[in-house]
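Undergrad: With the sequences and hints as input, model every part of the structure.
One letter stands for each residue in the lines below.
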Amino acid sequence: MNLLKSFASTTGLQPSKSYLYEKLYPLDFDRYIILDTQSSNGNFHYVFWFRVIELIEPILSKHGINIVHFIEDKKYHFNHTYVDNSAQLSQRAYLIRKALLFCGSSKLYSLIASENNIKQCFLKTDYSLDNTLVEDEEVIHSNKARKHFLNPTSLKINNIRPEEIAKKILKTVLNEDHIFDNTLSIGKVYSAHNLEVIPDCTFKINNNSKSEIVMRMDCFFSEENLDTQLSFESCAVVTNKAFNKNILINRKNKIKKIYFKVEKDSDASFLDLLEENKINYDIITTLSGPDLDKEKIKFINYKKINKLNSLSLGFLDELDKSKVYFKTNKIVIKSGKTFASKWHSKVLINSPDVRNESFKLPPVIDESFKDEADYFYFLTSEQI
Amino acid sequence: MVKKKKILFHSDFALSKTGFGRNTKAILSYLYNTGKYELVCLAGGIAKNHSETERTPWKTYGVIPNSGKEAADCNSSQDRGRLYSYGAFELDNVINIEKPDIYIGVQDFWGVDYSINKSWFNKINSVIWTTLDSLPLLSTAVSEAPKIKNFWVWSDFAEKEMHRIGHKHVKTVHGAVEVSDFKILSSEQKRSLRSKNNIENETYVIGFVFRNQLRKSVPNLLQGFKILKDSNPNLKTKLLLHTNWQEGWNIQKICGESGVDIKDVLTTYVCKACRGYEVKNFSGNEVTCSSCKTENSCTTTGTTFGISEKQLNEVYNMMDVYCHPFTSGGQEIPIQEAKLTGLITLVTNYSCGEDMCQPEAHSLPLAWNEYREFGTEFIKASTNPQSIADQLKKVLAMPLEEKAKIGKLARKWTIDNFATNVICDKIQKFIDSCDYGNYENTEKDYVEKNPYAQIPYVEDPALWLKCLYSLILKTDVTDADGGLLHWIEKLKTGTSRQSIESYFREVATKDNDKHKEFKIEELFSGSNPEDRIFVSIDSNLENIFLSTKIISSIKEKYPDKKIFVGSTESCQAVFSGNTMIESAIIKSKEFEDPEFLKNNFFESYCLDSFCINNNHSLLIK
Chain U
1 MNLLKSFAST TGLQPSKSYL YEKLYPLDFD RYIILDTQSS NGNFHYVFWF RVIELIEPIL
61 SKHGINIVHF IEDKKYHFNH TYVDNSAQLS QRAYLIRKAL LFCGSSKLYS LIASENNIKQ
121 CFLKTDYSLD NTLVEDEEVI HSNKARKHFL NPTSLKINNI RPEEIAKKIL KTVLNEDHIF
181 DNTLSIGKVY SAHNLEVIPD CTFKINNNSK SEIVMRMDCF FSEENLDTQL SFESCAVVTN
241 KAFNKNILIN RKNKIKKIYF KVEKDSDASF LDLLEENKIN YDIITTLSGP DLDKEKIKFI
301 NYKKINKLNS LSLGFLDELD KSKVYFKTNK IVIKSGKTFA SKWHSKVLIN SPDVRNESFK
361 LPPVIDESFK DEADYFYFLT SEQI
Chain H
1 MVKKKKILFH SDFALSKTGF GRNTKAILSY LYNTGKYELV CLAGGIAKNH SETERTPWKT
61 YGVIPNSGKE AADCNSSQDR GRLYSYGAFE LDNVINIEKP DIYIGVQDFW GVDYSINKSW
121 FNKINSVIWT TLDSLPLLST AVSEAPKIKN FWVWSDFAEK EMHRIGHKHV KTVHGAVEVS
181 DFKILSSEQK RSLRSKNNIE NETYVIGFVF RNQLRKSVPN LLQGFKILKD SNPNLKTKLL
241 LHTNWQEGWN IQKICGESGV DIKDVLTTYV CKACRGYEVK NFSGNEVTCS SCKTENSCTT
301 TGTTFGISEK QLNEVYNMMD VYCHPFTSGG QEIPIQEAKL TGLITLVTNY SCGEDMCQPE
361 AHSLPLAWNE YREFGTEFIK ASTNPQSIAD QLKKVLAMPL EEKAKIGKLA RKWTIDNFAT
421 NVICDKIQKF IDSCDYGNYE NTEKDYVEKN PYAQIPYVED PALWLKCLYS LILKTDVTDA
481 DGGLLHWIEK LKTGTSRQSI ESYFREVATK DNDKHKEFKI EELFSGSNPE DRIFVSIDSN
541 LENIFLSTKI ISSIKEKYPD KKIFVGSTES CQAVFSGNTM IESAIIKSKE FEDPEFLKNN
601 FFESYCLDSF CINNNHSLLI K
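Just so you know, the protein sequences line up as chains U and H, in that order. Residue numbering for the first sequence follows this note's numbering, beginning at 1 and increasing consecutively. Residue numbering for the second sequence follows this note's numbering, beginning at 1 and increasing consecutively.
The calculated lysine-lysine pairs, modelled on DSSO-like cross-linking and capped at a C-alpha distance of 27 Å, are: (1) LYS598(H) x LYS5(U); (2) LYS196(H) x LYS256(U); (3) LYS327(U) x LYS346(U); (4) LYS293(H) x LYS256(U); (5) LYS561(H) x LYS17(U); (6) LYS598(H) x LYS557(H); (7) LYS303(U) x LYS17(H); (8) LYS557(H) x LYS17(U); (9) LYS307(U) x LYS17(H); (10) LYS188(U) x LYS303(U).
Quick caveat, the hints were computed from the structure, so don't treat them as lab data. All of these numbers come straight from a predicted model, not from anything done at the bench.
TA: In C-alpha cells:
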C-alpha cells in the first residue's frame, strides 16, 4: 500500500495538493524532455545514458524535441542543455512542470512530475519505501537482473538495459515503437584505444591515430622481437617475468612504461632493475583476495598493485550466439596483421578496419577471451 | 580455530619516509608474515581513502579529511591540522568499527596522549610506545604514566629517567630497523657509486641523514666542518647533507655565515619523473634531472617523496664517516642505518645519543653544552663544534682495517638490538600474553559545561587557558594538548583574552544546548497549545515533499490553527515559501515523547516512519 493511502486510512484525512514554490527557469525552446543523468548517490546513478541518448536523439530531433539534463556537475559530450547544482529545487520544479516527459531515478522529481501530470519514464531502484505517485506503466523496474545483460556495478539501477529506456521514452513521447539491437555488456575499458602487439614478429606500425602501443610479452615471450620492435617505435610493455637487462638499458628511451603482471608466486626483483634503470612502471594483476594479499607484501616497497577486470561472460549463456556481435577499440596485432581479439589472432581471422567493424564470438570462449572482454561492447540483434 | 587477535597500530603511514612510518612498515610486515594476527593501521599523515592505503596487505585507515566541515576545521589552524594529521579525530571511529583487542599508539607523546583518557583505553590492551627525548621528561608523560599500563619508550635514556622518578613499569622497546636494507658494499661498488656521482675516491665524505628540523644541529656541524677544513687546508673533504632544503634550516645562508664554501656541501636529489637520485652540490630546489632530462623534476629528499631504502643504502656507502649532531631525539634511526653500512658514527652524547654512545655501540661521542629550550625549559644539547672536528680527525687518521673492524662490531650491535625480528619478538610476546578486548560499558555520561563560570585572573597564559578548559568546559588538558597550543598561539598573535573567553563560553552553551532539555516556551511563545498542530517529518526529501500534501489537508481541516513542522535541515528546499506552515524547526528528542506532544499541541502527526509498514502515528487529544 502506498504510504499516502496508508496515512489516509489511519487518520481519515485525505491528502490534498502538494505545495512547492516554483521559480522561472528560462529556456529558448519549449518542447523538451528531462533526463536526470547524474546523481551523487551511486544507488540512483545510471551509467548507460550515452547509449540511451544515442538511440533517442536522432528520432526526437526529427520531431523538434530537445533534451534537458539534470546533473550535479558532469556534462556529457552531447550538445544539450545541462541544469546543474546551481539551479534551485524551485527552478527544477518549474522545468519539470513544463516538460513533455521526465526520465530518471529521482523520486523527488518523479513526485513533482506526478503532481503536475507530466509523463514519466521512472527508473525505480528504491524498493524499501513506496513513496512515489507514479503509475506502474510509467515505471521501469531495476529489482531484477536482466537476462543476458551484464551490470558492471553492484548497484540495482544498472540492471536496466539502455534500449528499454530508449524504447519507453519514444513510445511515451511519440507513441512510436522502435526496435534496437540489445546491449549485453559494455566493458569498462571499451573506450581505450590500444594497439596490442604480440611480439611473434617485428614490423613498423603505421600509427596515425596515435593509439597506445602495448607489447604483450606475457602472451609471447620473445626478447629478440621486443628489442627490434622497440627499435622502431616507443611502446608500453606488459610482462609477467623479467627480461634481458640490456634491452632495458639500450631501449630505455623507447619504453613508455612497463606493466608488470603479478601472478601467483611472482618475483618482485625485476622491479629493482626497473627502478635502478629509472624505467616507468605500474604493477597489474588479475589476482584477488588472499592470493593478492600474499603478493602485496612482496611489492609493498614498490607501487600499488592495480587489479584488472576479467569478465565471466555468463550473460552469453543460452543466447543465439549467431546473433551476438561485439565492437572494440582495441586492436590486436600479430604477425603483421590486425585482429579484434587474441582469439581472432589465433585463428587468423584478421580485419583491416577493426574499430569500424563488428565481430562474431569465438566458438569456444576461453580464459584469454574473458580477460580481454572488458575492452568489448557486446550486443545482439536478438529481441530479448 | 583460535580467533586471531586484532591489533590496531596507530602511527605514521607505513609507506611514509618518517622514522615512525618506517617503524610501522617494519613491524606490520613482520607481524603480517607470521599469519597470526589481524592487523589494522590508523595511519597518520595520509588522507582518508587515499589510494596508497590499498598498497598494504593489512587494512589501513587514512586520517586527514578530504572535504566538508571536517576539512575546513582541519585547515582552520596549524595545531588543529596537526591533531587531524595524528589521527586524533579518527581514532574513536576506527575503534568503534574495528573493536581491536590490542591498541598500540606509536608517536611523540602529544600525538597519542588523547587516547589515554578514552573510555576504551583500559578496557582493551593498550600500549603507548613513545619517544621521550629530553630532561626533565615531558611533564604530561610523567603525570599520565600511572594510567598507562603498557608504557614503552624508544630509548634506554627515557626508561632510566622514568625508573629514577618511580615509574618502574616503563620499559624500552626500540623502534624497529629493517636491517636487510642496509649493508656494507664492496670497495669496488663504493668506488663505482662515487664515480657515478662525480665524487673523487680520495675525498673524505662526512655524511648526515636527517629531517631538516630545529633539533638537528646543522649550524654546529658546519662550524665543526669549518674547523676541520681550516686545520687541514689540503684535505679534500665534502659534507653530504641528505635532507630537504626547502624546510627547516636555511643551509645556504648558514654556510655563508660559517665560512663554509657551499661547493663543499653535497646533497641528494631525487627525480619525480624517473625516481633516480644523484648526489651533488645544491643548485636550487627544483633542478633538471641529469639522467632522464626532465626539467625541474629533481628535488631534495623529504618525508613525502624520497629515495628508496636501496638507494639510501648507496648514499651511506658513499660516505667515509657519519656524523649526527642533534639537540635531542627519540631514536635517530639514521645512526643505526649508518652503523649497518659499517660507518663509524659520531653521535651527540645526550638523549637517545646516550644509548648510541655506550661502549658496545662503538660510536665516537660528541661533547655538548647544555642549554634550555625557551618555553619548555627542557635541557637540550648544543654539540661542541670543536668536538665534531676532533672526532672527524680521529676517524680520518684511523687505519682502514681498524675502521672496518669497528664498523663490523657496530653493525652487529645494531642488528642485535634494533633488528625487526628482535623488536617484533618482544611485541609478539606481549600480544600473545594479552586477553581479547572488552568493550562493555565504554560509553561516558555527558558532563554539563558551565558557560557562566567565574574565571580568576591568572598571568600565565597557559594556566589561564587551562582554567577556561577546566572551569567552563569541565575538562583537563595537558601541556601538549593541540587545542591548548592553538590558543597559546592565538594569544601570541594578538587575539584578546576576552574574545577567547567568549568563544569558550559559546562552545559550552552550544554543547549544553545539544544535551540539555528542550524549553518549549522559547519556541512557541505567543500561542497556546490548543491552537497548535505539530507535524513531525524526519525523513528524506521525497517524504518531506509528500508531507506537504498532508499539511495541506490538515490546513483545510483546521484553517485557524498554526502548523509547526519538526524536520531536518534538508527540509528547507521543500518548505521554503509554504504559507501553510507557521514554523519549521529542527527537532529535539522531546518531540519523541508522547506526553510532551499531548501537553503542547492540539494534534500531533508523526510521519517519521512514513512507510508502507504503516507504523506512522497520530496523536489526537
